[in-house]
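Q: Sequence:
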Amino acid sequence: MENINAVIIGLLIPFVGTTLGASMSFFLKKEINHKVQKLLLGFASGVMIAASVWSLLIPALDMTTSAIKWLPAAVGFLLGIGFLLLLDNIIPHLHLNSEEPEGPKKSLKKTTMLTLAVTLHNIPEGMAVGTVFAGLLTGNTEISVAAALALTIGIAIQNFPEGAIISMPLRSAGASKSKSFAYGTLSGIVEPVAAVITIMLTSLVVPILPYLLAFAAGAMIYVVTEELIPEAQAGKHSNIGTIGVAFGFVLMMVLDVALG
-13 MENINAVIIG LLIPFVGTTL GASMSFFLKK EINHKVQKLL LGFASGVMIA
37 ASVWSLLIPA LDMTTSAIKW LPAAVGFLLG IGFLLLLDNI IPHLHLNSEE
87 PEGPKKSLKK TTMLTLAVTL HNIPEGMAVG TVFAGLLTGN TEISVAAALA
137 LTIGIAIQNF PEGAIISMPL RSAGASKSKS FAYGTLSGIV EPVAAVITIM
187 LTSLVVPILP YLLAFAAGAM IYVVTEELIP EAQAGKHSNI GTIGVAFGFV
237 LMMVLDVALG
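Letter by letter, the sequence shown follows residues -13 to 246 of our numbering.
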């Protein structure tokens, strides 16, 4: 019963992070400050890197029973990178660091594409949550309740700037506060959905759990290197993004080690 309650809470925490980020459209009238945006992007990058290592790759290595201990983690990680790379080429969208087109209609179009990109990237994060809790429900000794919740908290932290990054440009482009909030929030709804589907397929998931954990790690690292860090380092004040990475990485590392 305790694990079931933890699963329910864990599935909701990342979505709450996105919702809180999207709610910034109600409090801020103008576009989010450039320096603050860089700090949040860097912070999100650090959180995701640390989560990929301590919450996903290390457990994947620890639970591997094959003779070649590193093989599932290596294969899963590369598949995760390849999967996001394939989707990036199949589904057209603008990267976070693309130039802003002129005019409100073009600005809204870009933000719609950005919403698609963030929503797309939230799917493997939901899979990561579902995979971890699937292992928890099946009694996998390598995954504790605290470690699983630490992962969801880390994802929620990095979801906050994602929700804000969607809602704030919409608001500045002329959309209403409620519409901006709705777009930002809906971008995160795919996470609990993907997590629930993963848990429902537990019987299929558990035998390949190391691969799936590493797959999710690869997908998260792809998002960091392809989207978040380039934007955080673009233009002036790139050191602010670097500082954000450092603090985000340390926070997530502490969460994983202290709670796990």
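By construction, these hints were calculated from the structure, which means they are not laboratory data.
A few of these clues could be false.
Between beta-carbon pairs, the in silico distance windows are [to be verified]:
hint, residue 1, residue 2, range
1, A53, G221, 43 to 51 angstroms
2, K55, G221, 38 to 46 angstroms
3, I183, T211, 24 to 32 angstroms
4, G125, K165, 20 to 28 angstroms
5, S162, K222, 29 to 37 angstroms
6, I229, L190, 39 to 47 angstroms
7, I175, V39, 33 to 41 angstroms
8, A220, A168, 41 to 49 angstroms
Only a predicted model underlies this, so the values are computations on that prediction, with no experimental measurement involved.
Quick reminder that beta carbons are idealized off the backbone N, C-alpha and C, glycines included.
Q: Which numbered conditions among the earlier hints are violated in the structure presented, ordered from lowest to highest?
A: 4, 7, 8
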